[in-house]
Each structure stands twice: as structure tokens, then as C-alpha cells.
Amino acid sequence: MPASTASGPTPGTLGGGPAPGAPAPVAPPLGPPREPAGAGAAAGGRRFRPGALVVALAVLLVGAAAGAGMFALEQASVTWRPHATRIATGWRIACPHGLVIHGASISGDHLAWVSGPYTVVFDLTRGRSRLLGIARESTAAAAPAVSEQYAAWLEETGGAGSPSIWSYRFSTSARRRLASTPGVVWAPALSGATLVWAGRPGDSGAGTPLSTAITTRDLSRGGDRVVAQGPSVDGPVLMDGMRIGWFVSGRPPHYDVRDLAGGQLWSVDLAMLASGAWADLMGIDLSGTTLVWRLQAADGTGEIFAADLIGGTTQPVASGPGLSGGSIDGDVVVWAQPAVGGTSIMCRRLSGGSPFVVATVATGRVTDVLVSGDTVAWIDESGPSGFNGIETARLAQ
Amino acid sequence: MIAEAPTPRRSRIRRVYVGPFGQQVLAYLLAGLWLLNVADLLLTEYALWLGFATESNDVMRYFLHVGTLTAAVFKIGIVTVGALVLWRLRRYRAALFAAVVLAGIFAAVVAYQVFWLTSL
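So the sequence lines, in the order shown, correspond to chains A and B.
My numbering puts the first sequence at residues 1 to 397.
My numbering puts the second sequence at residues 1001 to 1120.
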């Protein structure tokens, strides 16, 4: 063994010490001890020592524990993660640190929203949230789009460029920044694996009005298709199944819906209340061949309409001051309206029946109401001192 | 007058050497370090593919930009060479110390990546 060899008695000494009168001992060479060649040395040095393996594993375990600790510490300090609590009717999801939800979407088990710079998706079955993206600039208040397969959202990239579209695939957890989507001007919409967005490819940012193109892209197989283009074409864009809708400015402004499979094009006049007064378009949604939109006049009076694209009929769904929401899935339309003691989350089936109350929000301001299947979700913005987040409830069958 | 013999400073020199036990610990640590380095490469590639991560190491970012194979050859090659150098110096305690530190850091990095990826 090299070390023991180096420490052994040297010639001319007795018991390790110099003899009186003897010449001074010669110090051993200062280099590392040499391993003597031979089978005996090899057996001594290469013999399996379980203790050595245990020590090495202990070192690795200590390192792994440090890594896990760093991860836990980092997760404890994140500001994006919502506090989700399961309640009798569904979920109560509170956004921490006073973050306010700008926009949300729901599809099946997935609920996605933007709060501050964060784009978050929440799994309504597992109660698990995940961060999809962090915008460098939190100026975009566009709601993310979500389908059963994908989520898509805008992220401001900073500088003068237009925001980028990102996608997230639930089955693979893969996140992608979509290439070649210049001049995006509206939040994208999703249906299955098909994304649609409104963009002005030639927009130099100088404010020059240019032609807006409504473009679809198959996220799984690739391939773009321009559905509509023109200077009067605008957002918001919608998609459900193979039907895509976009706004067309003009007198009167209308909303076009095209069926990509059959090629039909429907135009629905907007911006006029039942009284004939002009109003602003505050929200619009598409499900199958039914278009639902909400208008609001300057005095705060609002109205929600539903148009059957095939039948060509339009019916009022709700009216009154302080309406919010206006979302459809199947034949279910949901919205929020002021009520005694708070705000009522309302529902009406277009196939028949009277509106009914899904839930009552005692305090705060409901900014949006969404529906997918039998799940209703609403954004409750109560301010810094109260609840900021989303609540969900199940509709009775 | 008899000159006093110089005192050999063997005890300080002996402390830098590592015995067979320590050398075997070093061998296991270097093997672990090599495997953790490969795991780090695979997890980094996966995180980059997922789109949730960016390589913060400028050197590795360059090689990853050139290509996955180039990055793998560089990363595995440099750690292999480093491990062989440490094994060549296995009789020195400094080699064992370096292996302990490097293996611990790599274990921490890989554990962090595993937890992070499973949280996505």
C-alpha cells in the first residue's frame, strides 16, 4: 500500500527515530507513493469494498437532496401558482399576490387564463395547474385559447415586434413558439388541433392600415390556409369544429362565419340593440351553428343575442344593465347579471326553458362567464382586499 | 558542534494521499459523475425540446446550436477526459475532493431537473 510504505521506518533508525550520532535520515521523495506492481497490490486496491460504494452513494444522495431542496425553495417562492380549493359545486381558484385575470377560456377539463404576465392552465379533473408562459411585457390582455388537445396564447416579445403565438400540447407537454406568424393582432382561437389567428403580415408598426388575414394552421401536421383577407377583416376570431368566425367592420358591422368543410359563409349583423340603438360589441362566442354575442350601449344597458346561422333567426337571450359574459356551448348560454345581494351567474338552454341561476356571487365584480359541457366558470374580480380568481360549478343535467 | 538534522515534514505530506478505500470511493464517484453527466444532457435536451427551458451555459448553447450530436460529443467528451485526469491523480486527496464536489453538484442539478420536468 503506497501510504503505509511511505510512513514506514527508514533505514538507520530504530523505532522510527534517528539514532544518536547517526547521519541524518534521508527524507522520502515528496511525490505520490507509487503503487507497487503485482497481484497482491491489485487484490488489495481493487477488492470490492461495500463501504466505498455506500460513501459514494451518500455523496450523490446529499447532492440530490440539495437539488430537491432548491426546487422546493423555488416553488415556494413562485408567484404564478394559484390556490385551488375543491368546493361542493366545483373549484375555487384564487390568484395570489393580487394578480388579476385578464381573460380565460375553457374546453373540457382544461381552463386557461392570463393573470399578470403569466399564462396558466388548470386541469379541472386533477386540480393541477401549470405555467405555460411568462410574457416579457404584461400588456396583452388577450385570453388564451384552449381545446381538448392544445392551448395557445400570445406572448409579447418586447420591442416593437408583434406578439408571438405559442402552443402547448397536453399529451406531450411540448411547448412551441409558432414560426411565421407575423403581425398578429388578435388572440388566436383553437378547435382540436387547428389554430386560427388574425394577422397583418405587412404591418410595419407605423399605424398604416393594412389588409388583415384570417389564417388557420394545423398544429399537428402543419400547413397554413388563409380563410379571409381584406382591409375590413378584423378580430375577434372564433373557431368551433370546422367553423371559423371573424369581424367585418363597416356599416353595418357584421360577423362572418365560414364552414371550412362545406364552404358555406354566413353573415350576421351586429352592433344594434333590439331597440334599434347602436351599441358596442363586448363579447362573442360560437358553438356549432349558433353565434352568441353581447352588446352594450353607452348608458351601460346590455343585451345578449343568439343567432341560428342555418335558420337565419336571432333571438334575445338576456337584457339589462351590468351584463357580463355571454358564452355558449351546445345549446347552453351563460352570462352574469346584477341581482339583489350580488351578481347572479345565469344559464339558459336555447332549446327551451327559462333562464335559471347557476350561482350567486355575493361580492365583487364578475368580468366574464364561460361554459364547456356542464361546467360553468366565472372570473370574480373583487379587488385587492377580496377574492381574485375563478370559480366553477356544474350544471344540473 | 553537531548540526541538528532537519525534521522531515512527512506528516503534512502524507495527509494528501488517498488509500485504497478512498480510491474506490473516487472510482464510484467518477462513474456516477459520468452517468449523471449523460442524464444531464438527456434531460436538458428534453427540456429544450419541450420548449420550457433555455440553455444558460454559453458554451453548451453554442454546441447545442451546432447540433445535438456535437453537443453530446463535447459534453460527454470533456467529462470523460476530466474523469480520466482525476483517476490518474487518484492518489491525491484533492482528486477525491474534486470528485465529491462535482458529483454532488451534478446530482443536485439532475435532481432539480427531474423534479422540474415532472412538475410541468
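No lab work stands behind these hints: they were computed from the structure.
Some hints could be false.
To be verified - With beta-carbon atoms standing in for the labels, derived distance ranges: (1) B:1117 - A:288: 50 to 56 Å; (2) B:1021 - A:128: 29 to 35 Å; (3) B:1070 - A:89: 53 to 59 Å; (4) B:1045 - A:89: 22 to 28 Å; (5) A:363 - B:1060: 49 to 55 Å.
Built from N, CA and C at the ideal position, the CB exists for glycine as well.
Hints violated by the structure (numbers, ascending): 1, 2, 4
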